[in-house]
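Undergrad: So the chains spell out like this:
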Amino acid sequence: MPLLRFLLASAVTVALIYVLDRPLILKEKTLPPLGSFFSPQHGFWMNAEPVGARSESRQLDHLPVNQGISIIFDEEMIPHIYAEDELDAAFAQGYVSAMLRLFQMDLSTRAPLGRLSEILGTRTLQHDLGQRRKGMLRTAERLARAWENDPTIQPLLQAFTDGVNARIDELSPRSWPLEYKLLDAQPEHWTFVRSAGFLLAMCETLAQTAHDIPLSNAYRIVGPADFPFLYPHHNPLDIPVIPDSTGQSDGATPVSGPGPATMDTWGYQDWLPASEPGIGSNNWALSGSKTLLQHPILCNDPHLTLTLPSIWLEMQITTPRHSAYGVAFPPLMGIAIGFNEEIAWGFTNAGHDVRDWYAVRWTDADKTAYQYDGAVKQAELHIESIQVKGLDQPVLDTVRYTVWGPVPNVKSGTPQADLAMHWMPMLDIDDQMAKLFQQINQASSIDTWRTPLLRYDVPMQNALFASKSGDIALRVSGLLPIRPSYDGRLVQDGSTSANAWKGFVPDDENPYVENPAQGYVASANQESTSPAYPYAYYGVWEAWRGRYLNTRLRQKNDMTVEDMMALQNDNTSLQALEAMATYFPLLDTARLDATEQLSLKSLASWNGRYEALQNMPVLFELWDAQVDSLTWDELYAAQDSIPVEIPDDWRLLELIRTNPNLAWFDHQQTAEREDASAIITRAWKTACAQFQALSENGKGYWSVYKGTDIMHLARIPAFSAMDLELGGNKNALNAITPTNGPSWRMIVELGPETRAFGVYPGGQSGNPGSPFYRNFLPTWQTGAYRTLQILSKEEIMKQPHLLALTLHPSLP
Amino acid sequence: MSRAISIIAAILTLGFLAGAWLPWWTIAIIAAIASFLVPARSLSAFLCGFLAGALLWGGLAWRTDWANDHLLSSQIGNLFNGISSMALILITAFIGGLVAGFGALSGSSLRAVFQKRIQR
Numbered sequence: 001m002p003l004l005r006f007l008l009a010s011a012v013t014v015a016l017i018y019v020l021d022r023p024l025i026l027k028e029k030t031l032p033p034l035g036s037f038f039s040p041q042h043g044f045w046m047n048a049e050p051v052g053a054r055s056e057s058r059q060l061d062h063l064p065v066n067q068g069i070s071i072i073f074d075e076e077m078i079p080h081i082y083a084e085d086e087l088d089a090a091f092a093q094g095y096v097s098a099m100l101r102l103f104q105m106d107l108s109t110r111a112p113l114g115r116l117s118e119i120l121g122t123r124t125l126q127h128d129l130g131q132r133r134k135g136m137l138r139t140a141e142r143l144a145r146a147w148e149n150d151p152t153i154q155p156l157l158q159a160f161t162d163g164v165n166a167r168i169d170e171l172s173p174r175s176w177p178l179e180y181k182l183l184d185a186q187p188e189h190w191t192f193v194r195s196a197g198f199l200l201a202m203c204e205t206l207a208q209t210a211h212d213i214p215l216s217n218a219y220r221i222v223g224p225a226d227f228p229f230l231y232p233h234h235n236p237l238d239i240p241v242i243p244d245s246t247g248q249s250d251g252a253t254p255v256s257g258p259g260p261a262t263m264d265t266w267g268y269q270d271w272l273p274a275s276e277p278g279i280g281s282n283n284w285a286l287s288g289s290k291t292l293l294q295h296p297i298l299c300n301d302p303h304l305t306l307t308l309p310s311i312w313l314e315m316q317i318t319t320p321r322h323s324a325y326g327v328a329f330p331p332l333m334g335i336a337i338g339f340n341e342e343i344a345w346g347f348t349n350a351g352h353d354v355r356d357w358y359a360v361r362w363t364d365a366d367k368t369a370y371q372y373d374g375a376v377k378q379a380e381l382h383i384e385s386i387q388v389k390g391l392d393q394p395v396l397d398t399v400r401y402t403v404w405g406p407v408p409n410v411k412s413g414t415p416q417a418d419l420a421m422h423w424m425p426m427l428d429i430d431d432q433m434a435k436l437f438q439q440i441n442q443a444s445s446i447d448t449w450r451t452p453l454l455r456y457d458v459p460m461q462n463a464l465f466a467s468k469s470g471d472i473a474l475r476v477s478g479l480l481p482i483r484p485s486y487d488g489r490l491v492q493d494g495s496t497s498a499n500a501w502k503g504f505v506p507d508d509e510n511p512y513v514e515n516p517a518q519g520y521v522a523s524a525n526q527e528s529t530s531p532a533y534p535y536a537y538y539g540v541w542e543a544w545r546g547r548y549l550n551t552r553l554r555q556k557n558d559m560t561v562e563d564m565m566a567l568q569n570d571n572t573s574l575q576a577l578e579a580m581a582t583y584f585p586l587l588d589t590a591r592l593d594a595t596e597q598l599s600l601k602s603l604a605s606w607n608g609r610y611e612a613l614q615n616m617p618v619l620f621e622l623w624d625a626q627v628d629s630l631t632w633d634e635l636y637a638a639q640d641s642i643p644v645e646i647p648d649d650w651r652l653l654e655l656i657r658t659n660p661n662l663a664w665f666d667h668q669q670t671a672e673r674e675d676a677s678a679i680i681t682r683a684w685k686t687a688c689a690q691f692q693a694l695s696e697n698g699k700g701y702w703s704v705y706k707g708t709d710i711m712h713l714a715r716i717p718a719f720s721a722m723d724l725e726l727g728g729n730k731n732a733l734n735a736i737t738p739t740n741g742p743s744w745r746m747i748v749e750l751g752p753e754t755r756a757f758g759v760y761p762g763g764q765s766g767n768p769g770s771p772f773y774r775n776f777l778p779t780w781q782t783g784a785y786r787t788l789q790i791l792s793k794e795e796i797m798k799q800p801h802l803l804a805l806t807l808h809p810s811l812p
Numbered sequence: 001m002s003r004a005i006s007i008i009a010a011i012l013t014l015g016f017l018a019g020a021w022l023p024w025w026t027i028a029i030i031a032a033i034a035s036f037l038v039p040a041r042s043l044s045a046f047l048c049g050f051l052a053g054a055l056l057w058g059g060l061a062w063r064t065d066w067a068n069d070h071l072l073s074s075q076i077g078n079l080f081n082g083i084s085s086m087a088l089i090l091i092t093a094f095i096g097g098l099v100a101g102f103g104a105l106s107g108s109s110l111r112a113v114f115q116k117r118i119q120r
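Going line by line, the protein sequences match chains A and B.
The first sequence begins at 1 in the numbering used here and counts up one residue at a time.
The second sequence begins at 1 in the numbering used here and counts up one residue at a time.
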């Protein structure tokens, strides 16, 4: 009897432990193993960091560093790194990045490489397949090999990698980041492929904005005559990034007609990679002649998807040769946007189209060979293997590579043609990106800043410069393809080599300006040059922010840091102002009822500012959207079956002003023949009704209507900041959309004593259990700034700080 | 009474020390050893184990949560259908208690097996 009781008790105990030691699968979600997750000495409680911690010192020995490294974390958890050489600095950067953002580094590089399913299971399998079919992992591996073989990159990136891995090796399951415990996953060692993967992720964000497929479909719908009319290349009102951009070259490549070579009977219904609207940035630099104190000022606010933790990590890196301060991408070496003791630098996206699609005609039923230059060419078949958590066998997939690149979406059966992707980052280019930031961090003049940019390939950036010596400069940087006879906007015939790119614009002929007469340089994702620039190119340009910015910078010659802060937080939309000026005169007020008349009066007094708690921005947005959808109803109807590009909003306004009787204004579903005036009036009536309904539900205010969320990287709502009260709009300088916005705001005044200010929406720690997880958010949200300072080791040790780390080498 | 106190004290100290190095379920083994060495009836062994496990896990969780100003527990609570920080601490205590309780029960019943043999 006692034996039975013992067996029963111990069986229950073992069963209990067994159940609590494995993930619990409920209906919709999977819970982590509850025993270890709740254990206060193993699970999530271990990630609850004490609030108000006092300063602490720690020594770490036996590390692969050359000399001792000091890392002092200031009161806001910003690491100030003091290293004796560049290799040690790279090691320290890797170490602190992993210390503060390990899970982010892991997830944000697994995603582009198509390796999410290894830790997330079948729910991310489609994502991973999509990435593999685009050749992302393979490209990252090629880049990593190139960096391994480059003696100027390999040692630095190896030191960075060693730093990350030294931190990973210090951890045990109980000290892993919280997300690993939740997902029942584990970190793995950093490699060059991971850094390459992050670079490719940035290319996906910034350099795949091409709209070739929806534009080709639009071409088929509107016809060759209307296409250039509805989708013109150049906005005559635009103020380009480079003010005088005629260039020196005589190597002009004239753009011939945009005729796509293959217009199949099938529409291009292909899987369409999303290019998010609102990804963009502002940067500008004033020379001393434009500022009150006669000191140059550099400003930069990159608009990226807002996440927690933030894409940026703030730090100072000091070696005997230089001291740089600013923000870094945790998976990449060097400070991306910041300043040193001589200069400041920044970037915005240039938005050029560096990805073309080629229609490949298969010659066999299995789609393994295709027509090329009159012969049959075998496609290279590459097998991708995806490990999936919860599956015993890896998922295998065959990707077909043509001379153009991979075919990401091979449709089964007919038609006998698919699209191959030709994308700049996948070409066998000598990419020096891995050390770009690290080199710029050490620059002290225009020349030393510009030299590394000459070797920079992709994604194309408007690189900005200002120095204490009084220089300002802006360069459209990256490889600009030269196309044979078309402009790269439309899907091309892939059966002939005649359609291939014909090389690249020479590095010294990229659009560039230094110290222009206007006293400032500015970019906001608008066109790079005027049409006088000798090389043809295409891209997706922002039509309003750049013009508004230029207008504001021309107004004053005594600008201050405070003016710059106001400008970065400016919620004015030039698009709204110009659209209202266009719509109001055409509105047929005789057809409006009393309420609609009243609303009209309210809107007429609106100043075009998208303030969080105002309701007029909502009313205008509703009106504007209605005008757009009533005008392009034919195209929107076609969108039900295939992706179709809608003409730019600047072009719509231009057409309303210049061609109000255009047939496109006629609404298809009515017997009446509408003109622009009829469309605008009908749109107003609908918008008023929609606005009324929203207001009754308490959703008539801009911030509620817009609904900005800053989501945790793994989209866990509890770790996110939801429904934030925020103004701004994608066309305003303060370009806050529901998901994107100024991910970092920085202003640097380069006087005898540098004065620098910056803020990002998040916090230094990637741990939701840390008081530094989202502590900068309120500052950012209210448009305020923090002071940024390069401090010497002696200075910072005298100040209150959180942690002083010393990393010692293996041998004394 | 003093036996109960010694079982609880042993589980608390040894459980805390072992928890810092060994897997989370070590507390069950600690509880089993404690109640094997110190004689107690099945029910009181279970209760002592439960109390000690709950005190250890709940107490540590409470102290951590207090020092953290509920920053993390409020977010984790959200993850588990919006439960409070205190509920999270109680769940922690309950799991710790349950595992240690059954461990202790196993230990005391093993002792009973040996005692029976000695009596024969």
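These aren't lab readings, by the way, just hints derived from the structure by calculation.
Predicted model, so just to flag it, every value in this text is computed and none were measured.
Yeah, the Cβ is synthetic: ideal placement off N, Cα and C, and Gly gets one too.
Do not take every clue at face value.
What the hints assert, rightly or not - A few chain B residues that face chain A, going by a derived Cβ cut-off under 8 Å, partial list only:
| no. | residue |
| --- | --- |
| 1 | L14 |
| 2 | L17 |
| 3 | A20 |
| 4 | F36 |
| 5 | L37 |
| 6 | L55 |
| 7 | W57 |
| 8 | S73 |
| 9 | N78 |
| 10 | N81 |
| 11 | F102 |
| 12 | L105 |
| 13 | L110 |
Undergrad: Honestly, which of those hints from before does the structure not fit?
TA: Hints 1, 2, 4, 5, 6 and 10 not satisfied by this model.
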